[in-house]
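Participant: What follows is the residue order along each chain.
Number of protein chains: 2
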Amino acid sequence: MNRPGPVFDVHFRAELAQLMRWRRDVRRFRADPAPEELIDHLLDLAQLAPSVGNSQPWRLIRVESAEKRAAIRDNFLACNAEALAEQQGERAALYAQLKLAGLDKAPLQLAVFCDRATTQGFGLGTRTMPEMLDYSVVGMINMLWLAARAAGLGLGWISILDPEKVRLALEAPESFKLIGFLCLGWPEEEHVEPELARCGWQDRTVLGRRVLVV
Amino acid sequence: MNRPGPVFDVHFRAELAQLMRWRRDVRRFRADPAPEELIDHLLDLAQLAPSVGNSQPWRLIRVESAEKRAAIRDNFLACNAEALAEQQGERAALYAQLKLAGLDKAPLQLAVFCDRATTQGFGLGTRTMPEMLDYSVVGMINMLWLAARAAGLGLGWISILDPEKVRLALEAPESFKLIGFLCLGWPEEEHVEPELARCGWQDRTVLGRRVLVV
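Protein chains in written order, with numbering that gives the first Met the number 0: chain A, 0 to 213; chain B, 0 to 213.
The shape of chain A in the complex, shown without the other chains (with noise of 0.2 Å):
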């Protein structure tokens, strides 16, 4: 049934715009955690993410134990210790300074994985293009990104890390792709300005020679 939907004003489309530049990859978290309920509803909302033929393809693993947890932190210091083995002079310096995870402290963590083997959607625009599975699980990795900072809440997405190995010390089938592992809590503290540009890494740019007209 078409109905008309509802209509979005300029005091709700400005508090998105803030959402959106508050929104942070973040690393230092507070030990204690979010409610569970919290945690619930903000999944419920990232399952609204568009997906391939409305295939939903996101699979969770949520990592408790301190085992898999130890995996998954000695998974990202061997491969953070090859990137930074493989900076230069000054740069090297300052990526040595960089905190690049939260694996230690965040109160919950999830390895969010596609399964490629889905057959729900019945293959809808996947045929030129498979890795478009992927990008649905990255959209919803983005819906819970702004869902959780609305509710306080900061996310970070590490992705230095070997995924094969993160699916073989999780024992997730063969046919789930890593596409990001997620730490989530309360935030230490609140930036508007991305830690990276912060410290010096990469700056923001602007978005002009972005766009060509054809």
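Incorrect hints may have been included.
Each pair of labels, with its calculated beta carbon distance range [as the list claims (entries may be wrong)]:
id	chain 1	residue 1	chain 2	residue 2	range
1	A	Glu-188	B	Val-213	26 to 32 Å
2	A	Ala-69	B	Pro-106	49 to 55 Å
3	B	Val-9	A	Glu-89	43 to 49 Å
4	A	Ala-91	B	Glu-63	44 to 50 Å
5	A	Ala-65	B	Glu-35	52 to 58 Å
Some, not all, of what chain A presents toward chain B, calculated at C-beta under 10 Å [what the hints assert, rightly or not]:
id	residue
6	Arg-61
7	Pro-162
8	Pro-186
Please keep in mind that the hints were generated in silico from the structure rather than gathered at the bench. The beta carbon of each residue, even a glycine, is placed where N, CA and C say it ideally should be.
With chain A fixed as given, assemble chain B onto it according to the hints.
Facilitator: Showing chain B alone in chain A's frame:
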């Protein structure tokens, strides 16, 4: 400088949930274009998306000429005919009835690429997962989608395309990887249910079985 961020109250959060619920992949557009100032504003907001290492690897090509638009439409028609040919029985009949692109009428058409050769971000976070650059572009599209819907505009993401042929038709550099082809405009109708659910292709399913704990 650490300053306390904005607090998003229950009213805003309820409206944000409404926005996520009413965001739709739109295929049916009115012919009248959105104001250019609004488009610019939405593209500015979209660029607040998270990007790995602050790399902002999104590159946009706005397709205006009749010749380029025809090339994209032909690409879609060929890929869609091939996809239809692979469907069986009732699914084929159903597939043939779906409207899977809005390329006939959408006033604004954007090819969104990832520049895989960008040096912005100095490679941070992409060593073991180079696909993080692509995912950053997906994030930009997700922010655009929500901001557009909040302004009353509809967005449709088309993936039934040969991505390499799109790149060649638009004369984009080799390092540009097509992430999505977007149609943007005022929607003819608004629905809270995804079109694929309304048409009987694929319903949403529930979260439960998607979360495991280890």
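Participant: Next, verify each hint and record whether it holds.
Facilitator: How the hints compare with the structure:
no.	hint	verdict
1	A:Glu-188 to B:Val-213: 26 to 32 Å	30 Å, holds
2	A:Ala-69 to B:Pro-106: 49 to 55 Å	54 Å, holds
3	B:Val-9 to A:Glu-89: 43 to 49 Å	47 Å, holds
4	A:Ala-91 to B:Glu-63: 44 to 50 Å	45 Å, holds
5	A:Ala-65 to B:Glu-35: 52 to 58 Å	56 Å, holds
6	Arg-61	5 Å, holds
7	Pro-162	6 Å, holds
8	Pro-186	9 Å, holds
The structure is consistent with each of the numbered hints, conforming to all of them.
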